[in-house]
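S.K.: Here's the letter readout for the chains.
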Amino acid sequence: MEFITFRETADGLTPFENGRSLCAPRAREEAVKWVNHHSFRARHVVILGLGAGLHIIEWMKAHPQAMVTVIDTHAALVAPFLSRPDVDRQRLEVLTIDSFEGLLSHEVMEEIALEMPPVLAFQPAWGLRKELFQKFFGLLTARSAEGLRYFLARFGFHGAIEVSEDQRLLTIKDLGLVVDSTFAGDPRAPLIRMLRELVV
Amino acid sequence: MKILVISLLRLGDLLQQRPLLRSLRARYPQAEIHLLVNASVAAARNLCPEADVFHLFEREEWQEEVGRAEAHLLKPLLGLEEWVHELSREQFDEIHNWTHNRLSAHLAEALNAPVKKGLLSDGLRFRVLENDWSRFFNDRFGSRRRSYFHYTELLAGAFGLDLAVPPVSAGKGSRILIQPLTSDEKKNWSLSSWRTFVDRLQTERSDLQVNLLAAPFEVERLQAYFSPEEIIVANLTEVPAILAQTALLISGDTSIKHLAAQAGVMILELALGSADADKTASFTNGSYVVSSQVSCAPCAHSSPCRQLSHLCGESLPPVRLADAALALVSRDFTNAEKCLLSIPQVRVHRTAYDARLGWTLMDLRQSSETHAADLVEKMVWRLDMNRDSEQVAGVGTAARQLLEAGSFLGISTAGWQAGLTLLEKEQVELQRRLLQVQGSLAETARLCVADGLNPQRLTELRRELSQLATSSDRMNMHFVTLAEAGQGAVPTPFHFFGNVRKRIEETERRLQLRRRLIAQIQEAGGIHGEKSRNLSERGPETP
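Residue numbers (my numbering), protein chains in the order written: chain A, 1 to 200; chain B, 1 to 543.
Calculated directly from the structure, the hints in this document are not laboratory data. Just so we're clear, the structure is a prediction, and the values are computed from it rather than from any experiment. Each hint should be verified, as a subset may be incorrect.
Capping the alpha-carbon separation at 20 Å, the derived lysine to any residue pairs in SDA-like fashion look like this [what the hints assert, rightly or not]:
(1) A/K173 to B/E60
(2) B/K425 to B/D374
(3) A/K130 to A/K173
(4) A/K33 to B/R68
(5) A/K173 to B/G79
Have a look at the derived ranges for each label pair, beta carbon to beta carbon [said to hold, decoys possible]:
(6) B/S40 to A/S99: 40 to 50 Å
(7) A/E101 to B/R59: 36 to 46 Å
(8) A/L114 to B/E32: 34 to 44 Å
(9) A/S39 to B/E58: 14 to 24 Å
(10) A/R89 to B/W83: 54 to 64 Å
(11) B/E86 to A/R41: 36 to 46 Å
Heads up, the beta-carbon is just placed ideally off N, CA and C, and yes, glycines get one too.
Just need the whole structure built from these sequences, with the hints factored in.
M.R.: Pasting the structure below:
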């Protein structure tokens, strides 16, 4: 059972999970670096991992038009974050979901299926729940076996899907294999093959 | 009628397809021709007036989206589905896939049209082999195998399009234009070499205007060696006007070269790196190509140079090349060729076009005998690949055309006689090899059946077939498809035997045609005269 505490640091109120920081060292600097590494245009993104939220604040500053959905497993982190004066609450939605099944059945999945926003991982904030966050990531991006099965079913690809169950993220090549083996006759199969050819 | 032409290639390839677009327009003057190109070549729109509508494929954007780890795996699919749906709303009557890659084949499959031509996919396999021209292209393009046909000719053959005679390289004005940079570092001659080259031109002929052509993003790099006055900065659509006042273009393998060819500008090409002049030199009449004889050239298209230094570029001496360029701009071709041929360890080619034979890349170091033999081979392939066409020439006419073309290309009577003798000797060897393969096939089939169709029995024959076309010399060219029939997986030995047998029959047919053509030309004594006009269309009877 993880418990969350807070401590005042140079970067403000920093959360700790079982005594370990849920922020990167030199949090503000790392947040800016992280944002620069994930710099692309998007109307809406999902960020996995709240921590102290500095990375979210920096990302939203760098992308003033984008909507952000944050998903974390610890409800205790939310209020301190939202109470910060530099948080733009108009463009922000923070969800606490503490199980894979919880995410699967959450209404946010409808929005994800509709928009398929990029999902950004902020791993310093994952703490002891790294495995769960990884499962979240795989589901939300369809880059895990469960995620791919979920979304293929939603988009009308019905059939038994054989896909690698190892921990690596799936790519378009894996999708191509699935399509060639199970959905070769689907009218969308040539499109997936096209996309596969774009990857060197 | 609405036709979609898929040309998802680089700029140089698209420009080489311009004669095909003109031919398509001439054949279907009332059709609405749509051209689908990569967004990166959108600037070429004004250079392709034969196309009524341009569609852009945002390849780099799609690539980025597919490659991003944080992106939803299925999102690009939905986006692409929407794009294809939008394109399909045009309701094309025909789709012509002029792009020979898998991406385009899948796209052609995804689009609806009653008629589709070119490389197509039916799921897991590719259908390219609707005609022999397509197969020839498939077998030889992208490899180091020799091709008797230019890229433009192969596409024209594959799609049944006629080609207009390309312009003669003449040029106008007194400007020497240099296109120093290509799209690929290994195809670039060093800028210091270009500097020495330009210095020589300016020293020997201060009356000539010598300029380097650069796109805006290339300027900074060139300014390390050249003054701003020497550099003309232009975007693609401005280039034709510049070429219109150019006597000679010296260039690597670039799209500017192809524009210059179509504008009738004389070209001296430095074919370095992966440049394969055999297939993509300027499609024109009377231009020159210089390339190194280093064993690694031409190198693979998609790999960087593997040598410790740029050997192919280093073998080209700037001063002598400049002297050759000066002779060309003075239209002193004899001296120009003498100058080029004096450079050791380089190949020197001249392009030629004859309506009877098509485009030829003449190796100026080769003997007349070899030229003659090469011309005959080209005609053999052309006759064979066109055999189902209503307009194909008979063997007698082909022999006459060859002799006339040979005369135009400067092949002497002695050259023809020696060439035919060489071809006859080769014919014996070709027949022998074919007989040997036929024997091996029969024996392998017997053993395989006796062994319960054990596929292991195919190993020896596969190995034998793979040895048939290890080099790209003239004789081995006839066995390329047979060699390939021996490779690759097949469901059963019966499929293997079927494939090999089919290729043997094709090779046999072509060799018979070769024999008939040789005999026809020999009958005429290798001389163009009255006798050749009365040659039988079907060729002599089999002895």
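S.K.: Each of the hints needs a verdict: does it hold here or not?
M.R.: Comparing the hints with the structure gives:
1. Under the criterion of a C-alpha separation no larger than 20 Å, the hint pairing A/K173 with B/E60 is consistent with the structure, at around 18 Å.
2. Note on B/K425 and B/D374: the hinted pairing holds, with a Cα-Cα distance of about 14 Å set against a maximum of 20 Å.
3. The suggested pairing of A/K130 with A/K173 is violated, with an alpha-carbon distance near 26 Å, which exceeds 20 Å.
4. In summary, the hint linking A/K33 to B/R68 is supported, as the alpha carbons are separated by about 18 Å, within the 20 Å threshold.
5. As the CA atoms of A/K173 and B/G79 are separated by approximately 18 Å, the hinted pair is consistent with the 20 Å bound.
6. About 46 Å separates the C-beta atoms of B/S40 and A/S99, a value consistent with the hinted range of 40 to 50 Å.
7. Separation of A/E101 from B/R59 is about 40 Å and conforms to the stated range, judged on CB atoms against 36 to 46 Å.
8. Checking the proposed 34 to 44 Å range against A/L114 and B/E32 shows it holds: the Cβ atoms sit about 36 Å from each other.
9. For A/S39 and B/E58, the Cβ-Cβ distance of about 20 Å falls inside the hinted range of 14 to 24 Å, so the restraint holds.
10. Against the hinted window of 54 to 64 Å, the Cβ-Cβ separation of A/R89 and B/W83 comes to about 36 Å, which falls outside the hint.
11. The beta-carbon spacing between B/E86 and A/R41, approximately 22 Å, falls outside the hinted interval of 36 to 46 Å.
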